[in-house]
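Participant: Sequence:
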Amino acid sequence: MARYNTIYAGPVSNPTPHAMEALASVALTPGSLVTFDAAIGFALATAATTAKVWLVQDNYLTGRGIDTQWAADSRAIALDMVDGMLFNALVATGNSLVEGDALTPGAGGDHDFAVTPTQMQELVEWDTGDPAYDGNPELEPSPVELKGRVGARRSMHAAKYLPKNRLLTESDVVMLRPGDGLEPWMLDEYVGKPITENVSAGYVLQARMF
Numbered sequence: 001m002a003r004y005n006t007i008y009a010g011p012v013s014n015p016t017p018h019a020m021e022a023l024a025s026v027a028l029t030p031g032s033l034v035t036f037d038a039a040i041g042f043a044l045a046t047a048a049t050t051a052k053v054w055l056v057q058d059n060y061l062t063g064r065g066i067d068t069q070w071a072a073d074s075r076a077i078a079l080d081m082v083d084g085m086l087f088n089a090l091v092a093t094g095n096s097l098v099e100g101d102a103l104t105p106g107a108g109g110d111h112d113f114a115v116t117p118t119q120m121q122e123l124v125e126w127d128t129g130d131p132a133y134d135g136n137p138e139l140e141p142s143p144v145e146l147k148g149r150v151g152a153r154r155s156m157h158a159a160k161y162l163p164k165n166r167l168l169t170e171s172d173v174v175m176l177r178p179g180d181g182l183e184p185w186m187l188d189e190y191v192g193k194p195i196t197e198n199v200s201a202g203y204v205l206q207a208r209m210f
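All the letters of the sequence shown, read from the start, carry residue numbers 1 to 210 under UniProt numbering.
Quick caveat, the hints were computed from the structure, so don't treat them as lab data. For clarity, every value in this text was computed on a predicted model and none was experimentally measured. Heads up, the beta-carbon is just placed ideally off N, CA and C, and yes, glycines get one too. Warning: the hint list may mix true and false statements.
[As the list claims (entries may be wrong)] With beta-carbon atoms standing in for the labels, derived distance ranges:
| no. | residue 1 | residue 2 | range |
| --- | --- | --- | --- |
| 1 | G148 | T49 | 44 to 54 Å |
| 2 | M20 | A152 | 44 to 54 Å |
| 3 | T68 | A152 | 52 to 62 Å |
From just these sequences and the hints, can you work out the full model?
Facilitator: The structure is reproduced here in structure tokens:
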């Protein structure tokens, strides 16, 4: 059945993560890491744990939230964490998290951050010490984007034959690819101006023609 609990975070395309029910050897807080032993049931994982770990889910079947523990000696449910699924977990207070870094089991079943405060300080100093990492505050198209815009964007072309000295009208212009001529937003600027040369139908309009 679909699991509408707070610990499991998706994806929605897979609403049925593998779950296991077992006896709680101690009180378990949703989001904690546990191990399973057939003799005692679920036990809190520790920093020394090397066995497979499960993630305790909230008891949504009875309307309990993530702050409500599974009592010791009660039947608890834990989720099997597999690749491609997202889960919400407890993190020890005071830890700084960086996306993509590993988490390790703490002594109380919550997650201790794998980076020490000293390592975090070194990361910040490394990231801010080189101006190359500051980036460019102005958003500009890349050379690849500039190259591709000619074929992808439209520009002003002659809708018909335009004789020299004709005053340009909106009906004289059609927006076609490639976009290497006057840009569409410039139309109002050039309407009413005389054309300085004969222009064939379909020819791209350039600023030098006015």
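Participant: If a hint holds in the structure, say so; if it does not, say that too.
Facilitator: Against the structure, the hints:
1. G148 / T49: 44 to 54 Å: At roughly 52 Å between Cβ atoms, T49 and G148 fall inside 44 to 54 Å, so the hint holds.
2. M20 / A152: 44 to 54 Å: Because 53 Å falls inside the window, the suggested range holds.
3. T68 / A152: 52 to 62 Å: 56 Å, holds
Every hint from the earlier list agrees with this structure, and none is contradicted.
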